[in-house]
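*Asks:* Residues per chain, in single letters:
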Amino acid sequence: MMQTVETEKYWNALTEVMDPEFPISVVDMGLIYEITKVEGSKLAVKMTYTSTGCGCMQWIESDIKERLLKEEDISAVDIEVVWSPPWTVQNMSDKGKEKLRTWGVSS
Amino acid sequence: MSILNNVSLIKLAETVADNKFILGDRLVEIGISGPNLEATLSSIALAQAELGHARLMYKWANELQGLNGSKVEIKTQTGKAFPAVVNTTNWVALIAGVYAVNAAVDLVINAVSSAKHPGLHTPFSKMLKEQEEHLLYSKSWCKQLLTDKGAVPKTFTEELERVTIEVLQWLKNVENDKLLISEKVILENSNLVNAYNETIEKLMTLGDVQHV
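Protein sequences appear in the order of chains B and E. Quick note on numbering: this note's numbering labels position 91 of the first sequence as 91, and the sequence is numbered without any gaps. Quick note on numbering: this note's numbering labels position 155 of the second sequence as 155, and the sequence is numbered without any gaps.
Just so you know, not all the hints are guaranteed correct.
What the hints assert, rightly or not - Derived CB-CB ranges, DEER-like:
1. E21/B x I74/E: 43 to 49 Å
2. E66/B x T157/E: 21 to 27 Å
3. S93/B x A39/E: 34 to 40 Å
4. S93/B x S33/E: 37 to 43 Å
5. L136/E x D78/B: 26 to 32 Å
6. P20/B x N110/E: 47 to 53 Å
7. N110/E x M18/B: 47 to 53 Å
To be verified - Some chain E residues well away from chain B (every beta-carbon gap over 12 Å; in silico):
8. K11
9. E50
10. L56
11. V86
12. S114
13. H121
14. M127
15. L128
16. E130
17. N176
18. E188
19. L203
Worth flagging that the hints you see were computed from the coordinates, not collected in a lab. Heads up, the beta-carbon is just placed ideally off N, CA and C, and yes, glycines get one too.
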């Protein structure tokens, strides 16, 4: 995860975007790989999914865009989906893993 | 070094994509009435991932043509799926197809990745990990069908032969493709046909594989 002082608030904003299948944020799920500010008011988000067949891709991307566009200084968000490095449970934060355990899912 | 518009590579990508697209469809159509509940649930999960792989490969094929990969909308296959896969109508043929196709795709994609072409983006690591699970699951079913009673082992062997004939022809074309070799997308000594024959021979030699 590439987090800088400049992008910290956007990472924090994305902790409010939940995975539709579990009430765990996309950040704690480890889906977000990089957030970069480009062209002043535009953000470039590099992210992945837990599976290539994830049925919630458009839903999650839409939620991410919607949340980031609520930031006053952001007028555009570009999302790039990458598959390398592949997502594994190791991507999850400790908080995310703990939540999964609470829901009875081993991580 | 760009590798845009390499017709052989685009054809390779679309062949993989088409087969996975059709497998995804058949895993739902046939898998919904699988032999037991576990098989049906697994089949639907496999279908979702196969369709995900198809989407990834169509996107890659588009990028190789210099098109915007993220705008890909799939409605039909491009006509490169193996006829044996397209004509799958029962569980035995479905299992044979899932194993036979994925074993071949695994060899081809690994061959492309290991050639390490500097101008080629190969976003396959996640797909290969998921595909390993598909191979493990379908292999255990292959073993079960091969040791089943009555006409099942013979029927399975016939279905496997039907699909492997078409898969082997594809592998032969890929490993002898002058454009792929001259562009170093696939190394000259890829030995795809030999490796595939060994994989199928191992499968037919009954061993202990736990049903998953």
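*Asks:* Taking the closest pair, is the beta carbon of N176/E still more than 12 Å from chain B?
*Replies:* holds, 29 Å
*Asks:* Per the stated criterion, does the least C-beta distance between L56/E and chain B lie above 12 Å, as a non-interface residue requires?
*Replies:* For L56/E, whose nearest Cβ neighbour in chain B is about 6 Å away, the distance does not exceed 12 Å, so it is violated.
*Asks:* Over 12 Å from every CB of chain B: does M127/E meet that, or does the non-interface label fail?
*Replies:* M127/E is in fact no farther than 12 Å from some Cβ atom of chain B, at 6 Å.
*Asks:* Compute the least Cβ-Cβ separation between E50/E and chain B, then decide whether it is above 12 Å.
*Replies:* violated, 7 Å
*Asks:* Can we confirm that no CB of chain B comes within 12 Å of the CB of E130/E?
*Replies:* Check fails; 6 Å does not lie beyond 12 Å.
*Asks:* Taking the Cβ atom of P20/B and the Cβ atom of N110/E, is their distance within the range 47 to 53 Å?
*Replies:* violated, 33 Å
*Asks:* Check the following: the C-beta atoms of N110/E and M18/B are separated by a distance inside 47 to 53 Å.
*Replies:* violated, 36 Å
*Asks:* Please settle this one: L128/E was flagged as non-interface, so is its CB more than 12 Å from every CB on chain B?
*Replies:* violated, 8 Å
*Asks:* Verify that the Cβ of E188/E lies farther than 12 Å from every Cβ atom of chain B, and report whether the claim holds or is violated.
*Replies:* holds, 26 Å
*Asks:* Given the range 37 to 43 Å, decide if the beta-carbon distance of S93/B to S33/E lies inside it.
*Replies:* holds, 41 Å
*Asks:* Lying within 21 to 27 Å: is that true of the beta-carbon distance E66/B to T157/E?
*Replies:* violated, 54 Å
*Asks:* Is the nearest Cβ of chain B still more than 12 Å from the Cβ of V86/E?
*Replies:* Holds: least Cβ distance 21 Å, greater than 12 Å.
In this structure, the earlier hints numbered 1, 2, 5, 6, 7, 9, 10, 13, 14, 15, 16 are contradicted, and the remaining ones agree with it.
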